[in-house]
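Both chains come to you apart, so use the hints to assemble them.
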Amino acid sequence: MSVLTEALIKSLPEDVRFRAGQFPEKIPLCIVPRAKFVEAGRLLKKAYALLAAEWATDETPFVRGYGIFACYRYGSEYLIVKSDVPLDDPVFPSLTRHFVPAYRFERQIQSLLGLTADKHPDQRPWIKFEDWPSDAWPLRKDFDASKRLPRVKGDYAWARADGEGIYEIPVGPVHAGIIEPGHFRFQAVGEAVINLEERLGYVHKGIEKRFEVLNWRDAHRLAGRVSGDTTVAHSLAYCMALESMTGCAVPERANWLRALFLERERIANHLGDIGAICNDVAFAFMLYQTMRLKEIILRTNQKLFGHRFMMDRIIPGGVAVDIDQGGIREIVDELDIIAKEFERLVIIMDENSSLEDRTRSTGVLQPETARELGVVGIVARASGLNLDCRIQNPFPPYDRIEVNAPVLIAGDCHARAWVRVEEVRESIRIIREIVASLPSGEIIAEAASPWPDTSGFAAVEGWRGEIIYWLQAGPKGEISRCMVRDPSSVSWLGLEQAIPGNIVPDFPLCNKSFNQSYSGHDL
Amino acid sequence: MIRILHQIFRTGIATEPLQPEVSSAIQAIGAELKEAIWRRFNRSLTIRQVDAGSCNGCELEIHAMNNVFYDCERFGIHFTASPRFADVLLVTGPVTHNMEIALRRTYDATPAPKLVVAVGDCGCNGGIFGESYASLGGIDKVIPVDLVIPGCPPAPIDLLRGLLRLMEQMGRKIK
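Read top to bottom, the protein sequences are chains L and C. For the first sequence, this note's numbering begins at 1 and goes up steadily by one. For the second sequence, this note's numbering begins at 1 and goes up steadily by one.
Isolated chain C, as found in the complex (with noise of 0.2 Å):
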């Protein structure tokens, strides 16, 4: 135990300031989202994370919008088990023809307001893998797509930029 606390006080907080110009994003959007967001989602923004066909690259980099130095957390980001619970949908794709039902379903059982996020450049428009009898291709193939974050896989900094870019988004069809 002695050794887990001394690790813990030698790594101190890794996590770390956002870049200006993402800070500054914040500062920007802050003001406006503040009331419509904060009431809206309770201060809080449910994820559920869909792969619909992905090769798990952008997976490794949602992942990593959890580790200490992004630690999406503490902009009330969070991840959950099931869609039921969730405000907005994060897709990886492409969709393929083996997950298109499922991710309908998971559509389906999502509530209201059912934001949907397309992921990484297979997600916006099926990427490399293309359109064939397997892959659908990008998520709007298959349901209604809000935002997309293109990248291959896009860094996490790029997928909290694109939340916060959702938020803003959402802010303004609320109001």
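If we strip away everything but chain L, and leave its shape as in the complex, we get (with noise of 0.2 Å):
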């Protein structure tokens, strides 16, 4: 038994029921009265587990009420706990006081299906915005999502400093550059930041709910567009818990296929962000320098993919492209071009001293904060945290494949930016060793619809960070709720409390060096 459901059964034997129908089974969905919640989390965080996703569902079509879900982390190990909230008393238990993850999770389950988060210390809606209805809460199943909605009068209660010489900046949601849209509020004094308020949501496309109107064979496709900067891990998250679902064996070569475009889609991400770290402190060498050795790895996706980001091309039951020998060579000779370019421009930039002085000790996220916080990928790896999912709880074929994620300390823009630059050395390395030891086989499986009423679940470690989804299929078989959680949902916490302190300049080199997903978090 996994030290997780050991922990439960322990101290709640006659509270917690097991319920079949949880996909994969080595992650197991317990039931526990809504009174015992926060006792469950309480305890499972004395067992050291992290707070990995908090979502609900509105039951109606099994003729169940509302279900608050938490799904919980400890090394290799995660659990998901239940609790079912009646229809007249939409009222759940707060995590936040023990998990400080829970503090968006719950204003955002309260701001669209409409439960209560009891002793929540934040009253305020998240993603829904002051001007829509208060009683619009769209991932209700009664609520009709193919209305428009009208606006009403409203206010947001920004968070205020008084005093003498502080003021306000306001920041967006249309940024200075080709970025997406958010809205930051930074009181400040003279140069430095004393508090910086995010506020998100404006991206918002309904896509939780568009899931639930969509096929289990087409949805891969929506969920390639939740990030566009991370489709393949996203659909191959969504594949993945489908996959559990059914049962469906993905072929051997499908696998080692998938991760051949997660590596590569990491590699160009990071390029992308290297260069654009680099840029924010006006050493634009550098960015003309790794967007070129971008451009070319994404050019070799078209060519041998058919598409520059690989958009399209996981699929339920495997891959929808085949690569031949041709196809691998070039991806040799493209890597070792990339491998020796890059490692000249590492060098460069380690040599840089103006760089290293504005990114050193620049938006510093300590390790004790970016635990309580939650965060996940590069931003945890960068604070101390030894998270991902590649190696805790590694997916074909990453339980074949050795993966040695640096993990940094230092918590500063520096610290995001050389994880990075690791990560680039370690993912050149998987790929060839992908591409020496693949499989032959098929590439496609047939995947069967999921029986009514199971769930999936699945996590996969993105350029980002771990990506989870949670599918539940409904009393026909359809798709009930698909639970999105992109690493931006924990990670926009870490950018926020690693600003006061610095300098407003720096706050465009900090956010970079975050990059966290507007649209994975609005969904």
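It is possible that part of the hints are untrue.
BS3-like, lysine-lysine: derived pairs with alpha carbons at most 25 Å apart [to be verified]:
#1 L/Lys-147 to C/Lys-114
#2 L/Lys-209 to L/Lys-476
#3 L/Lys-45 to L/Lys-10
#4 C/Lys-141 to L/Lys-209
#5 L/Lys-46 to L/Lys-10
#6 L/Lys-147 to L/Lys-45
#7 L/Lys-10 to L/Lys-26
#8 L/Lys-476 to L/Lys-153
#9 L/Lys-153 to C/Lys-114
The set of hints was computed from the structure by calculation and includes no laboratory data. Predicted model, so just to flag it, every value in this text is computed and none were measured.
See below:
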């Protein structure tokens, strides 16, 4: 038995029930009474678990009430705890006092599903803007998603600071560069920021609701557009969750090709980020150089796989595109060029003292804060947390590939840039290993539809970090709920905590070093 | 520093001449355009990019227009930080309910001729996100659109072609 289930059963033997129909079976779903929801969280926290995600469902099609779910992670284990919430009393106890990331998850549940988080310290809506009708709860089953929302009058209560010389800088949603929209509000004294408040939700496209009208075979396309820069990892997570529910055995070769796409996506994005971080400290040379390397990768993708970002190349049951010996040769040759050029650039980057001046001790996210916030991926690994699904929860073929994820402890912009440098190196090595040992065989297996009232879970290490999908099949076997947890849903909290104490002009640099997704967060 | 110089010399010029079909299009448009556009926009086209709800895929490709392979600045195309300086709004979509007002305000802040290019399948018609409580659909649901560049996402070369087509359209309009 796993550490987490043992911790629960030992302390709450009367209250814990395990529910069948949750896949894969190594990730259990246990049901506790609503009154014990927080107690279960507290016990799991004592067992060193972190909160990975929290979400809710409207289960009226099953003639049940609502469900509130919390997913905990400890090492290689995940455990989902569910409590039923009756229709006539849509309230659930808040986990925020024990787990900081619940802070936004619960505001979101409250806003989009209309379940009240009891004792939550912040009752303001999230993603739902003040001009939405207050009873518009899109994730409820009786909500008509095809209608436009009327606008009502309302205000958002921003965090304020008063005092002599304190002023406020509002930024966004339309930013100065070619980036996604979001709003940041700084309270500053002179150049120093004393508080940053994020306000996201501008690109809320109703993705989770949209999943519910798609069928299982097409929905991977929507998953691939949750965050366009992470299309491979998102569609992979969706497909893995679905395949776990249907018991689909993905062919070996398809698994290895999926990893190939995933690592290529990681390199391309990291190259772009490294350049952009340098560019934000006026070292434009690096931007042009790394963007050149990135373009080379995208063109190879186009040539070999038919799409620059490999969108829709991962499909339920396998992959949509194969590679031949010529293609493998091409990838190896391309990697030789990239690796050689990249190492030259790394030396230049390392020797640039003004880059180091600006990035070291800027935007520090302390390891203990990072742990409290539950950040994941590159942000976590730059702040001393050794979290990587490829290592802790290895999905095939990572169970047979050695992955060395770099972990740094400084937590500053420099560390976040350097984690990416190391990961580019590591991904190049992994791709070489993949193409050298690519098994032969089919690339796609027949994918069935899931049984009614089952659910599936998958966690994939995208280039930003751990992506979680949780799917639920309805009474007729249709998509009843698709919960998407992009790494940005938690790691945006890290940026908010890393900024105070820095000067305003360093914000773009810090933001770039986190480079979280707005679209993946807003859904 | 010596390493930087080395790398610059080693890299050389990576910028590519346009593919034949594009460059012949430019030549065809060129003569007609030259006077009108060059006078109208003072030899440069200034773009303000607005993400009205995109998944960030289109933004990656718009970024790529600036990389050394495409180098859109050589055609006088450059990106500005403010709509007040923009000739063209390059808008990606779908327009979300939560971005509608910001998009309208950006449009209002843009001086005439307020050219609007809708980028990507979602910018054209809402794409996979369709029309819902949260997504209003294509850009033309909110502001007038002069040109659409479909694709998911459109490749940098498609974006360049689209902008050349826009100039062509404008050339006729202005004359």
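We went through each hint and held it up to the structure:
1. L/Lys-147 to C/Lys-114: Between L/Lys-147 and C/Lys-114 the Cα gap is close to 30 Å, so the pair fails against 25 Å, i.e. violated.
2. L/Lys-209 to L/Lys-476: holds (17 Å)
3. L/Lys-45 to L/Lys-10: holds (14 Å)
4. C/Lys-141 to L/Lys-209: holds (21 Å)
5. L/Lys-46 to L/Lys-10: With a Cα-Cα distance of about 13 Å, the restraint between L/Lys-46 and L/Lys-10 holds, given a limit of 25 Å.
6. L/Lys-147 to L/Lys-45: Cα-Cα ~42 Å, so violated.
7. L/Lys-10 to L/Lys-26: holds (19 Å)
8. L/Lys-476 to L/Lys-153: violated (40 Å)
9. L/Lys-153 to C/Lys-114: violated (30 Å)
Going through the hint list in order, the structure does not satisfy hints 1, 6, 8, 9.
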